[in-house]
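All chains should be modelled from the sequences, with the hints used to inform the complete structure.
Chains as they are written, first to last, in this note's numbering: chain E, 7 to 98; chain W, 7 to 98; chain P, 7 to 98; chain G, 7 to 98.
No lab work stands behind these hints: they were computed from the structure. A few of these clues could be false.
No distinction is drawn between identical chains; accordingly, a pair holds when it is met within one copy or between any pair of copies.
Stated by the list, open to error - Below are the DSS-like pairs computed for lysine-lysine, each with C-alpha atoms no more than 27 Å apart in a straight line:
#1 Lys86 - Lys39
#2 Lys86 - Lys26
#3 Lys98 - Lys57
#4 Lys26 - Lys57
#5 Lys86 - Lys20
Number of protein chains: 4
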Amino acid sequence: MAKLSDEALTQTLKNLPEWKRQGDAISRTFSFKNYYETMAFVNAVAWLAHKADHHPDMEVGYNRCVVRYSTHDAGGVTTKDVEAAKAADALK
Amino acid sequence: MAKLSDEALTQTLKNLPEWKRQGDAISRTFSFKNYYETMAFVNAVAWLAHKADHHPDMEVGYNRCVVRYSTHDAGGVTTKDVEAAKAADALK
Amino acid sequence: MAKLSDEALTQTLKNLPEWKRQGDAISRTFSFKNYYETMAFVNAVAWLAHKADHHPDMEVGYNRCVVRYSTHDAGGVTTKDVEAAKAADALK
Amino acid sequence: MAKLSDEALTQTLKNLPEWKRQGDAISRTFSFKNYYETMAFVNAVAWLAHKADHHPDMEVGYNRCVVRYSTHDAGGVTTKDVEAAKAADALK
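In structure tokens, the structure reads:
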């Protein structure tokens with residue numbers, strides 16, 4: 007799977023307004039009311055990751071979680087990351 | 007929210023072939039390869055429960071999980087349970 | 007690992023006042039304030055299970071979780087179950 | 007709760023060889039065999055956090071998790087963080 011060109015990625019992110027480019031990855035910060043809710047969401051994202059065999063890095067804080075997708079083999083963002091981002095959006 | 011009549015429930019379950027009636031509830035047994043995968047799914051179902059504020063009972067075993075929805079206030083199965091069942095199906 | 011005799015188990019359970027015999031297993035019901043807290047505990051018990059490679063059955067409800075240990079190979083309760091019960095107690 | 011002095015913290019970390027100072031926090035990187043195991047541990051740490059009402063930031067990767075404790079009110083590392091670090095160590 008080839009990484010998306012800069013142009014293709016810019017175009018794609020127009021439809022993912024909550025996600026932004028961050029180096030070779032795309033990331034979104036999700037907000038929650040407390041650590042319980044944050045962890046519950048982290049686990050839901052992890053389930054998607056297991057299912058798709060595509061695993062985000064996550065930064066977990068008290069009431070927020072940054073989810074970051076990148077396709078390491080491709081050295082950038084692929085359609086696999088975009089699909090994963092959409093699936094994570096659908097959880098919230 | 008009123009509970010579904012026997013007839014309505016029977017009809018509804020035709021579209022949820024994995025779910026069966028169990029007293030005042032509907033339940034489905036999900037199968038997994040090991041405890042890790044089972045727990046990951048249990049957490050994903052829990053996320054849906056938090057979001058919908060509608061919480062299933064679950065029986066967790068090594069490689070299976072029984073998910074059971076019922077609307078206690080209505081003393082039976084309501085459309086809320088049917089929606090939750092569909093959402094759980096969509097996770098797998 | 008051989009299963010504990012009835013006598014040995016009765017003796018052992020004197021030191022585990024929250025646990026009771028349930029057929030070939032020992033079980034304890036843990037209580038929580040809501041589904042978030044219940045699930046958080048369920049996950050902590052699961053971590054112990056992964057670590058010890060000894061996995062309880064659990065019944066998860068809104069504000070309680072029944073944890074049940076048994077050693078299937080031995081057809082009853084062994085010291086492995088007793089150790090697991092102590093470790094679960096230490097979490098709460 | 008007052009933050010530990012530089013000297014006290016340096017002394018304390020001698021007994022927590024896996025933890026290192028990182029700005030106003032202490033952190034440890036835990037390693038795992040895959041995402042399932044990583045997430046299971048993350049959940050166990052979260053349980054401790056709920057119980058102690060003291061919540062680490064965590065960075066979750068495929069087979070590692072960075073756990074970071076700091077006491078924001080004190081603007082640094084307190085004995086509360088040290089206790090939390092010891093409890094996390096005990097999980098692994």
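| request: Measure nothing new, just compare the shortest in-copy and cross-copy C-alpha distances for Lys86 and Lys26 to 27 Å and report within, between, both or neither. | output: Answer is within: at 16 Å inside a copy they meet the 27 Å cutoff, but 35 Å across does not.
| task | Can you give me the call for Lys86 and Lys20, within, between, both or neither, at a CA distance of at most 27 Å? | result | For Lys86 and Lys20, only the intra-copy Cα distance (17 Å) is at most 27 Å; the inter-copy one is 34 Å.
| Lys26 and Lys57: within-copy, between-copy, both or neither at 27 Å Cα | This pair counts as both: shortest intra-copy Cα distance 24 Å, inter-copy 25 Å.
| field | Alpha-carbon proximity context of Lys86 and Lys39, limit 27 Å | value | between (29 Å within a copy, 23 Å between copies)
| task | Using 27 Å as the alpha carbon limit, work out where Lys98 and Lys57 are close: within a copy, between copies, both or neither. | result | This pair counts as both: shortest intra-copy Cα distance 18 Å, inter-copy 8 Å.
The structure agrees with every numbered hint stated previously.
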